[in-house]
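> The task is simple: from the sequences and hints, build the whole structure.
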Amino acid sequence: MAEATWANYREKKHSKPLPLKGIKVLEVCTLLLGPSGPGFLARMGAEVIKCEIPPMGDTLRNMIPFGYFFREQSTSFIRPNPNKYWLGLDLHKPEAQKVFKELAAKADIIEENQRPGVMERWNVGYRQIKEINPGIIYLSKTGFGQWGQYASENRPSNDGASQAMSGYAWMSSFPGQKPLKSRLYICDSYGAVMAEVAVLAALHYRERTGKGQFIELSQGENITRVMSWVWPYQQITGKVAMPAGNRDASICPADTFRCADGTFVALAAPSPEEFKGLCLAMGRPELADDARFRDHLTRLQEENAVEILRIIAAWVRTKTPAEVEGLAEKHGFAASHLYTIKDVVADKHFRERGFMTEVDDPLVGQFLDYEFPVMMSKSPPRVRWSVRPVGFDNEYVMTHRLGKTEDEIKKLYECGALGKWANVLARRPPSTWDGKAGLIMARDKL
Amino acid sequence: MEQPTLADWMRERDDPRIAHTKPEALDDITVLDLSDKSYAGCYCSSMLAEFGAEVLRIEPPGGDFLRTCTPYGMLYKGEGLPYLTEGRNKFHITLNLKEPEGREILKGLASQADVLIETYRPGTMDDWGLGYEQLKEINPRLIFASITAYGQFGPMSASRMPNYDSIAQARSSIQYATGEVMPEGKSYDEYPWAVPTKAGPWIAWAQAGTFMAMGILAALHWRGMTGEGQALDVATAEAYVSVDDYAAVWHQGSGVINERFGSLDTAGWLYCFAPTKDGAVFLGGLRLEMWQAFADMVGKWDEWGVASWKNLSPFMEEAMQLKWAPLVFAETRKYTNEELVNMSVEYAKKGRLAPITPVVAPVCSPEEAMKDGNLSERGIFTPVKDPVFGELVVAQAQHKMTETPIRTKWVCRPAGYDNEHIYLKYMGLGPHKLQKLKQAGIV
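If you read the protein sequences in the order shown, they are chains F and B.
What the first sequence shows, in our numbering, is residues 15 to 460, in sequence order.
What the second sequence shows, in our numbering, is residues -3 to 439, in sequence order.
Among these hints, one or two may not hold up.
Claimed, not checked - Derived, one-sided and incomplete: chain F residues facing chain B with beta-carbon distance under 7 angstroms:
{"#": "1", "residue": "PRO33"}
{"#": "2", "residue": "GLY159"}
{"#": "3", "residue": "TYR164"}
{"#": "4", "residue": "ASN236"}
{"#": "5", "residue": "TRP245"}
{"#": "6", "residue": "PRO257"}
{"#": "7", "residue": "SER264"}
{"#": "8", "residue": "SER285"}
{"#": "9", "residue": "SER391"}
In case anyone wonders, no lab produced these hints; they're calculated from the structure.
Don't be surprised by glycine CBs; every beta carbon is placed ideally from N, CA and C.
Okay, here's the thing in structure tokens:
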């Protein structure tokens, strides 16, 4: 049955409608917490105009792993920013603020992650925009929120600050060791996902009532949510929640084990059938009936958990990851060797699902990007094009969206309201650019 | 000065303390949540329930196995803690889908629902006659949302392996690339913690559930335009790795495999945890001026030649990071966390580059986080007064909204707690009929 629903999904997805077609979004965002959210909406077909302050634009254009630029683009900039239109708009200038308001009057959603008060200083805060567009859904994402002690101190924040202050890093380390920073910008990335749930819920409400609203989300607050049991545990026991390394404190057995070849495999088998399957696979069926391990809640108790994990560790030490995975498949428990990024990119399953999706971009060229991770049978989200230099689509946006004449556009450039990229790597077009590729309107040519 | 200030104006409208006086965004939506052994599914339906959707959480008689997934086997009033945190606002009913009569009841509920969330192994719902193709005949507007380990199609889809957070973390490459670096010449036996390290929280499950909530809402919007429901498919490892920012592109361009880099940052400078007199702080300065401000703040403007720095990119190179990190740490070790935080606040006022200042944040335990005045003031740890579980702290109020804020009305319910109310409301099943169904093992 599922075959009927999903047949040829990857091959056909570009010939189906997009779920957010027609939704207009303006972003004044930088780094990851900000741009990722509109990036999700853009993957689902919303028309997103990304406003950057010319000529340098988004600070994320600086972030490159060990100094590596991907085809002269910021390597980190690609994932959060597909399918967008690129406007170089200097919101410090009154003329630019006027342009922004003209765009805002026709927009459904505005997203920004400047520090509290900055948008209002630029005359494009929620209180100002709602006067011209009361249906607007306006999302502000910050480190600490729009009000409260830290907002009043105007504290800056980064993802890493939220990982640190929430205790997320503490919970993600080995007991007795230093708290460890995730290699993901997880508070940014997760916050961006969570915020779009609110944006789309607000869109639903607007469709019912015509009413827009203001939404705020804070980096540090969103991540408290995924920490789950930590809070009631501390409230109930009066003790600090402790990290457990690679063990899952709430699921047993679930841990990462070392194999015969020195590499690692993650394994989980908590439910009665799964645990039985694991015991069979280990050639120790009697363990499934052992009073210490039979019942999940008993097995989770520290002494018992340590013992069963010790038994499994000794067994895995004699196996290769492939053997463990094979036995997991056969006996119905879960196991996976630790994927490297090479494994992810090469993975046949990810490719065939179109999750690792082929992008054929006029500027950046051909490469594989992550597809939006919700596959939708009738309205598939997808990546169509990639990142652009600062201000790359100025002419298109001014002409197409605002109906401005060439003279008017020229004046906007003269007063500095509009601008394009600095002659700096990851701001300017790649050196292979022919001066035309990717431009939407012929007269945009320089 | 504006009257009133932006902060006051916002707070007056979006303080979680007044959330209950406002309307709910999704109170016209009915959701069936059939999650089985899946925090991802429960998390997804929580997101919708917080916005006011009527979520019917459907468990097998006896309750979902997930209720037993709790740290060290600890129960609170008979329930596991993680389940307690994401049972919020849901009506909990039981239904035995292994029995034909149970499946008929499910069809009756599905014909009245907008959304169905399920997490069974692909094919299970089909075998029960409850797959998307079957239910859409009853309700073409239904949004049928599946969250699994590997998704509904593709070569691994038929795998017998269940879906757990830790496996998705392993499958995403994020675990491989997170962790302390093994010191040169040392071995696993000496440093068993210097290994690929997973995140403690169920982050892969949370990502899968939250992405699905976003997908469901987009599908609702699309249904509003077309009248049509559809099937949605999330694979947990995909949801988690999809927010990875550079590793896949880096690998394609250069062949490099992203490796562990401790609490430094492969793609960012200044961006690390740094040791202090009494712990550690996070330091952030992703713009050249912020990195310069840090150097100035610790008194190294001249010695380090800060004025001559023109470009941040070189600092991100591995050799540069390994050269500069010890110099930075030598400075941070001279101060306590509190001193460094205050220095950065002061620098924003009076420093040479003010108001630019580096980000300095203490690395906290969750106990310290729970005492953080800002989080408390903003309603995150306000206890919920629950009729069954009493006053309980579950992190809440993450979205502040002026018109339709989220709210936690109750924390959780025991399995089947709402059978009478829900079966009467949706299926017209009164106490006598319900009793018979109970005796037959159907509910």
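> With reference to the structure, classify each hint as holding or not holding.
Tested hints:
1. PRO33: holds (4 angstroms)
2. GLY159: Status holds, d = 6 angstroms.
3. TYR164: holds (5 angstroms)
4. ASN236: At about 5 angstroms, which falls below the 7 angstroms cut-off, the nearest Cβ of chain B leaves the hint on F:ASN236 intact, so it holds.
5. TRP245: holds (5 angstroms)
6. PRO257: Since the shortest Cβ distance to chain B is 5 angstroms, the answer is holds.
7. SER264: Holds: closest Cβ of chain B sits about 5 angstroms from F:SER264, inside 7 angstroms.
8. SER285: holds (5 angstroms)
9. SER391: Holds, because the Cβ-Cβ distance from F:SER391 to chain B comes to roughly 4 angstroms (cut-off 7 angstroms).
Every hint from the earlier list agrees with this structure, and none is contradicted.
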